[in-house]
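Peer 1: Residues per chain are reported as follows:
There are 2 protein chains.
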Amino acid sequence: MSTLRAPNPDHDAPEGFEYFPPPLAPAEPGPRRTPAEEARTLLAHSRIATLATLSEDGTPWASLVLFGTCGDGAPVLFVSTLAEHGRNLERDQRGSLMVAAPQRHADPLQNGRVTLAGTFSKPTGAREEEARAAAYAAMPYGRTYAKFADFHLWVLDVERVRWVGGYGVMGSDDAAAYKAAEVDPTYPNAQHAIDHLNDDHADALLEIARALGGYTDATAATCTAIDRYGLDLSVETPRGTAPSRIGFAERVETADGLRGATVELARRARAAAA
Amino acid sequence: MSTLRAPNPDHDAPEGFEYFPPPLAPAEPGPRRTPAEEARTLLAHSRIATLATLSEDGTPWASLVLFGTCGDGAPVLFVSTLAEHGRNLERDQRGSLMVAAPQRHADPLQNGRVTLAGTFSKPTGAREEEARAAAYAAMPYGRTYAKFADFHLWVLDVERVRWVGGYGVMGSDDAAAYKAAEVDPTYPNAQHAIDHLNDDHADALLEIARALGGYTDATAATCTAIDRYGLDLSVETPRGTAPSRIGFAERVETADGLRGATVELARRARAAAA
Numbered sequence: 091m092s093t094l095r096a097p098n099p100d101h102d103a104p105e106g107f108e109y110f111p112p113p114l115a116p117a118e119p120g121p122r123r124t125p126a127e128e129a130r131t132l133l134a135h136s137r138i139a140t141l142a143t144l145s146e147d148g149t150p151w152a153s154l155v156l157f158g159t160c161g162d163g164a165p166v167l168f169v170s171t172l173a174e175h176g177r178n179l180e181r182d183q184r185g186s187l188m189v190a191a192p193q194r195h196a197d198p199l200q201n202g203r204v205t206l207a208g209t210f211s212k213p214t215g216a217r218e219e220e221a222r223a224a225a226y227a228a229m230p231y232g233r234t235y236a237k238f239a240d241f242h243l244w245v246l247d248v249e250r251v252r253w254v255g256g257y258g259v260m261g262s263d264d265a266a267a268y269k270a271a272e273v274d275p276t277y278p279n280a281q282h283a284i285d286h287l288n289d290d291h292a293d294a295l296l297e298i299a300r301a302l303g304g305y306t307d308a309t310a311a312t313c314t315a316i317d318r319y320g321l322d323l324s325v326e327t328p329r330g331t332a333p334s335r336i337g338f339a340e341r342v343e344t345a346d347g348l349r350g351a352t353v354e355l356a357r358r359a360r361a362a363a364a
Numbered sequence: 091m092s093t094l095r096a097p098n099p100d101h102d103a104p105e106g107f108e109y110f111p112p113p114l115a116p117a118e119p120g121p122r123r124t125p126a127e128e129a130r131t132l133l134a135h136s137r138i139a140t141l142a143t144l145s146e147d148g149t150p151w152a153s154l155v156l157f158g159t160c161g162d163g164a165p166v167l168f169v170s171t172l173a174e175h176g177r178n179l180e181r182d183q184r185g186s187l188m189v190a191a192p193q194r195h196a197d198p199l200q201n202g203r204v205t206l207a208g209t210f211s212k213p214t215g216a217r218e219e220e221a222r223a224a225a226y227a228a229m230p231y232g233r234t235y236a237k238f239a240d241f242h243l244w245v246l247d248v249e250r251v252r253w254v255g256g257y258g259v260m261g262s263d264d265a266a267a268y269k270a271a272e273v274d275p276t277y278p279n280a281q282h283a284i285d286h287l288n289d290d291h292a293d294a295l296l297e298i299a300r301a302l303g304g305y306t307d308a309t310a311a312t313c314t315a316i317d318r319y320g321l322d323l324s325v326e327t328p329r330g331t332a333p334s335r336i337g338f339a340e341r342v343e344t345a346d347g348l349r350g351a352t353v354e355l356a357r358r359a360r361a362a363a364a
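Going line by line, the protein sequences match chains W and H. Per this note's numbering, the first sequence starts with residue 91, numbered consecutively. Per this note's numbering, the second sequence starts with residue 91, numbered consecutively.
By construction, these hints were calculated from the structure, which means they are not laboratory data. As the structure is a prediction and not an experimental result, all values here were calculated from the model. Hints are supplied without guarantee of correctness; some may be wrong.
[Stated by the list, open to error] Restraint-style ranges between C-beta atoms, simulated for each label pair:
#1 H/D147 to W/R233: 33 to 43 Å
#2 H/H242 to W/E354: 38 to 48 Å
#3 W/D147 to H/D293: 50 to 60 Å
Ideal Cβ positions, reconstructed from N, Cα and C, are used throughout, including at glycine.
Here chain W stands alone, though its shape is the one from the complex (with noise of 0.2 Å):
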């Protein structure tokens, strides 16, 4: 796994390029969700996926799906060899899967997405009722398409992840971390606590900016997301506008809990500037 949260060093960039101003005073980077942990809460919050097929002549294919997911995060697809997707799995199992976040952004390219990339195959036995149960639930007309003949199920054995979440914030994950990683609990209620933090906690978060992201300059800052293990605040300074991610105390473990975990960081934030 890694994870990076300022833009890649490694850009080709001009000489003196400056991303963003840096903290003034010493911050840990809070933790966030592994690539693999926010793959799997994507997942299990979209239906609509884009696919990548092979087709015939060579030239990778994409198209629109809905897609269905297996309790251990394989992906469903339901899908006909009338369609031309279809036609290249038959031929072509190797395929990827990108899924993107609500877009929330003005720049689109700050939303969430995913890529699983791996082989699909056609599953039997019990998985195949798993798959066909998990089909069934993210298509309005999956039960109708099953009456045709040319319509197959296709599970994704997902052998790589590859998560970006915005700007240089990005990482990677294998088989199996994807496969042991939990769906975040608190997903469903993360935009409520945003616009909640935004609308009537602004000077809580300046609090936070200050006295546990290291600007100790910041005029304002704005919360942009938030998950069981911290939240991610835009600063301004007078330097100019960074990033700056705080970690939580403990990891949330219900869906309720980030109310009680952004308290006990407000909490925390005025106690170090007292």
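Following the hints, complete the assembly by docking chain H onto the known chain W.
Peer 2: Showing chain H alone in chain W's frame:
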């Protein structure tokens, strides 16, 4: 070019399966945009796509990209070799782009999307200038990326277009058709026209379905899509729900021409019923 307006008869359907109740009176299915016109129109109003490229191990790789569009419809990417898709393109220039229309239907498979397949190349001369301007227009930080030596412009030479408009509404076009096709000028006003027809002119839609769509037993009709060639209705009958395509008398040539064309259609339906 092949465009199907009913579910593909090649589906391996169970015996006696009926897609939709047929019209009861003769009705000529109205003309619609070609797959090439659908693609040109969709790309002209989009900047987010999924790119399929070929990874080093031979697996097709799906990734999120922003794109611009040249005057002849050729899509432009501006991507880094630090990203897997950027490295993939340096190694193998074959690829495709999937662009999806905004999600307007409860069932995502009823939404339009297009795949453009072909070969990417790095533009030079005047083409490079055009491509660069198109990329900058689409990407908030395009000009910033340009300072990094690892970012490269790529233009897709479109060889093949595949459009899917929903269940059983699909078709393909070739490179020449794509280049020659026009952007539908009414596209930006389509959603407003659909909402207006459904909210304020349900009676006229019902008359159109009965008199021009051949659904003489229609009890209600909803507009699901509209373009320069005509409109799509979802028609309720005692025999079930059916789609019906109704053509305008003439192709609409201006962005604000949908109103006049639908008024003419309603008048024609009333005259036919009288």
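Peer 1: All hints are to be evaluated individually against the structure, with a verdict given for each.
Peer 2: Right, here's what the structure says about each hint:
no. : hint                         : in the structure
1   : H/D147 to W/R233: 33 to 43 Å : holds, 36 Å
2   : H/H242 to W/E354: 38 to 48 Å : holds, 46 Å
3   : W/D147 to H/D293: 50 to 60 Å : holds, 51 Å
Of the numbered hints given earlier, the model fails none.
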